[in-house]
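Could you put the whole structure together from the sequences, leaning on the hints where they help?
Protein sequence lines correspond, in order, to chains A and B.
Taking the working numbering, the leading residue of the first sequence gets 1, the next gets one more, and so forth.
Taking the working numbering, the leading residue of the second sequence gets 1, the next gets one more, and so forth.
Careful: at least some of the hints might be erroneous.
As the list claims (entries may be wrong) - Selected chain B positions facing chain A (in silico; Cβ < 7 Å):
1. Thr69
2. Thr72
3. Asn105
4. His111
5. Met123
6. Val125
7. Gln152
8. Phe255
Worth flagging that the hints you see were computed from the coordinates, not collected in a lab.
Cβ atoms here follow ideal geometry from the backbone N, Cα and C, with glycine treated the same way.
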Amino acid sequence: MPFLDQWISWLPALSPGLGVSLTLTGLCLLFGMPFGLLLALILEGPVKPLRIAALVVVEVGRGAPALVLLYLLYFGLPEGGVTLSAFATGVISLSWTTGAYASELFRSGLAAVPAGQREAAVTSGLRGWSGFRYIILPQAIRISTPPLASLGVTIFQTSSLAFVIAVPELMSKAYALGSITFEYLSVFALTSVLYGSITLVALAFVRLAEQRLSRHL
Amino acid sequence: MEIATERAASPPTVGGVKVLGLHKSYGKHAVLHDVNLDMAEGEVVSIIGPSGAGKSTFLRCLNYLEVPTAGTITIGDTTVDAGARRPDRASLDRLRRVTGMVFQNFNLFPHLTVLENITLPQMKVLGRSREEANAVADSLLNRVGLAAKSDQHPSRLSGGQQQRIAIARALALSPKVMLFDEPTSALDPELGLEVLAVMRDLADEGMTMIVVTHEMHFARDVSDRVMVMADGRVLELGPSEQVMTAPTHERTKKFLRAVLDR
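Quick look at the structure:
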């Protein structure tokens, strides 16, 4: 199979890009998930001005396509006097997208904890923050984890959009390789195999986590 | 405890429960009308009646899971006046500290082990050390006959076992009064018996208990008095034997016929 030899010879050129894609995704999840939880807590919280601010952040983050957000920050931040590398801009932009979607998943997780749990917490003296921290939140996170993990996989694929602001991730490496070899079809076939195999492995882990976490709920 | 033998005769004391003129309405729709209850320490009162009578609502008002519209609730030396504005946090905390609640659906914390279910509130609410909390939990688990299950998660246990754990969890905070909201209604009859046995022991030890129930044998044999409710009102309240065998109210007779003659 001649194309296999060709693919193997291309791997050294693509693997740095894959590394950047995975790093980008990792950072976006690292920042985006806690950000999403924070947004969810604010949205469920009692402080109205904060709630409105969080709502704007979430609705823009979900309403604007990730590609638009990337451009918005890439061109917008320098206008505002903030100059960041393309990579940093990519991290901020995709973390925003991640946080916006994650906040909705956290909120539905919180809503899915049965009302009886809140009552049992309150009657056990665990009211306010301690009831939330020890009883409600751990259950909500267990409920939200499978969809959050799926979101992580989606963000990995979405990270390919960072190509448009010249982040040297997998997609941009593939494009560069194509423009040298003119074997676009074969290059992008390999690229999709790379994205796909990582995605499928990640999804397998999601399923495993799903089974483990739902054991006690 | 020594109180058990003389509790029926003793007058209402500071350790008991006193509810005066409790009202509860949702908008214009009243669900509780002027409910009064005066209980001595160590007394057991069962609340029976058709569904929709307001039994559970009344019970849930006692620890403010439902907010009553008017009336006063005194448990031990804590009084909460519902007629005023919403009571402050401190009084609600005190009210909930002296009441233990057992729910129809157990409501154990599913993400914690049996032991953690019983120790976490002790450590967070009473500030007990892990060792103290474990010791209390161990002795309570022994008492409800489930010491062997302490490392299991609730989902691995039968309903009857879960309810016994829920009773242990409530007892761990040393409440003055235990509130039971249809504790056996979600259980099949056999599992219900093991829960009732634990409750009977608790009553014998002198715990003050209010039990919303459809278990007529428990109401007659274990409780000192029975309160019959219908349509948000108390129809009658009297010694269990008398209420169960010779009720005065026509509605009570009808209800008892319906549940006893099946």
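Outcome of the hint check:
With a cut of 7 Å, the hint placing Thr69 (chain B) at the interface with chain A is violated, because the nearest CB-to-CB distance is about 20 Å. Taking 7 Å as the C-beta cut-off, the interface hint given for Thr72 (chain B) is violated, the closest approach to chain A being about 20 Å. Below 7 Å, beta-carbon pairs count as interface contacts, and Asn105 (chain B) has one with chain A at about 6 Å; its hint therefore holds. A cut of 7 Å between beta carbons decides the hint on His111 (chain B): the least distance to chain A is about 5 Å, and the hint holds.
For Met123 (chain B), the interface hint is violated, the least distance from its beta-carbon to any beta-carbon of chain A being 10 Å, above 7 Å. Using the Cβ-Cβ criterion of 7 Å, the hint placing Val125 (chain B) at the interface with chain A is satisfied: the shortest such distance is roughly 3 Å. Residue-level restraint check for Gln152 (chain B) is violated (minimum Cβ-Cβ distance to chain A is 10 Å; threshold 7 Å). Given the 7 Å rule on beta carbons, the hint for Phe255 (chain B) is violated: about 28 Å separates it from the nearest Cβ of chain A.
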